[in-house]
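As they're listed, the protein sequences go chains A and B.
The opening position of the first sequence corresponds to residue -12 in this note's numbering, with each subsequent residue numbered one higher.
The opening position of the second sequence corresponds to residue 505 in this note's numbering, with each subsequent residue numbered one higher.
FYI, nobody ran anything at the bench for these hints, they're computed from the structure.
Note that this is a predicted model, so its numbers are computed, not measured.
Some hints could be false.
What the hints assert, rightly or not - Straight-line alpha carbon distances no greater than 16 Å define the calculated EDC-like cross-link-like pairs of lysine to aspartate or glutamate that follow: (1) Lys546/B / Glu134/A; (2) Lys569/B / Asp91/A; (3) Lys546/B / Glu88/A; (4) Lys546/B / Glu157/A; (5) Lys42/A / Glu138/A; (6) Lys569/B / Asp557/B; (7) Lys569/B / Glu88/A; (8) Lys647/B / Glu157/A; (9) Lys596/B / Glu575/B; (10) Lys647/B / Asp66/A; (11) Lys514/B / Asp557/B; (12) Lys176/A / Glu134/A.
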Amino acid sequence: MRIKIIYLSISFFIIALTLGFANMDDNSNKKTKEKQAELILDAPFDKVMAVLTHKRCINCHPAGDTPLQGEDSHLHNFDIVRGENDHGLSAYTCNTCHQSENNDYSGVPGAPHWALAPREMVWEGKSRIEIAQQMMDPKRNGGRTHEEIMEHLTEHELVLWAWDPGVDAEGEAREKPPVAKDEFIKAVKEWISDGAIIPSE
Amino acid sequence: MKVSFTINGKLKSVEVSDGNSPLLWAIRDGLDLKGTKFGCGKAACGACTIHVDGKAVRSCSFPTKYAEGKEITTIEGLSVDGRLHPVQQAWKEEVVPQCGYCQPGFMMATAAMLKEIPNPTDDDIDNNIINVCRCATYYRMRKAIHKAAALNSQNS
């Protein structure tokens, strides 16, 4: 009987020790990941790309001709298509439903110039390096200079809508990009002013 | 706030406590024009389709304040001088409606489409008329849309 109690005590001690180490390991991993995230988000390029690869941007830079919508980036309901000028079809445009500001009554998002990004500006499915290369390439960015890209990213109402995305039809707030607006604007300016260098990954 | 606009050819004003409230409410409750229907309330079904400056708009998602100074047309204003609009005539001849609830929205969407695409193909119809009909009158609507296009070209 006494031996059994000793065995049991030793077993409990070993289990507790293991759990303790496992927990320490988890905590340590978490801290390392947080540290890595901090490091990653410290570089202007990384901050910029953390925003541009977020669903608030990607949903309107889809790989196909149909916009994406929602937090799960599903294909836009009712087979909505981009049309010839990226504003929808001639009798059914984006503005049939989307106006120049969010509508909290219907949950329909809105901002000035609501439209899909042109086909040559597809971001869905691309790496952040590919997106950056494409964005800074005048052949694929509508002939924009670095300064014009900076202006577009930091001043265009449709881009800045990402930080004021309103609520959905259920009244749930849409997710904002992972970097604050002011921080993003600062990062864009720093990155482009420093030559818009695209790192290799 | 007071919002003034022309609706079905008449200058009207509505008083709304919130300028963002849907124009549909002002039309139905403020102006007592009940032809435009509330369907889903999230700009998906199209039952509330009206024309704003000639373009189809989902009025459940259109802030009343945006109507200021605009030309609004609802189903009540589609006919002119007591003559049915070709879309209404075609709808009648093809006996399109079943329950009828969604039909004003479809007719307004169709009338707007025919201005842009006078002779729509089946694909044009499928792509541009994406309202929802729970009675599934789509087949009869397609026939009526082609008939309306033909009536339009006869009239012109």
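Hint by hint, here is what the structure shows:
1. Between the alpha carbons of Lys546/B and Glu134/A the distance comes to roughly 39 Å, so the proposed pair goes past 16 Å and is violated.
2. Distance restraint check for Lys569/B and Asp91/A: the Cα-Cα separation of roughly 14 Å lies within the 16 Å cut-off, and the hinted pair is therefore satisfied.
3. Pair hint Lys546/B plus Glu88/A holds up; C-alpha atoms about 15 Å apart against a cutoff of 16 Å.
4. Our distance criterion of 16 Å between C-alpha atoms is met by Lys546/B and Glu157/A, whose separation comes to about 10 Å.
5. Restraint check for Lys42/A and Glu138/A: the C-alpha separation of about 21 Å exceeds 16 Å, so the hint is violated.
6. Distance check on the hinted pair: Lys569/B and Asp557/B sit about 15 Å apart at the alpha-carbon level, within 16 Å; holds.
7. Our distance criterion of 16 Å between C-alpha atoms is met by Lys569/B and Glu88/A, whose separation comes to about 12 Å.
8. This hinted pair does not check out: Lys647/B and Glu157/A have alpha carbons roughly 36 Å apart, beyond 16 Å.
9. Distance hint between Lys596/B and Glu575/B is unfulfilled; the C-alpha atoms sit about 26 Å from each other, more than 16 Å.
10. Simply put, Lys647/B and Asp66/A have alpha-carbon atoms about 22 Å apart, too far for the 16 Å limit, and the pair is violated.
11. With a CA separation close to 14 Å, the supplied pair Lys514/B and Asp557/B stays within the 16 Å bound.
12. The hinted pair formed by Lys176/A and Glu134/A meets the criterion: a straight-line CA distance of about 9 Å does not exceed 16 Å.
Consistency note: the structure conflicts with the earlier hints numbered 1, 5, 8, 9, 10.
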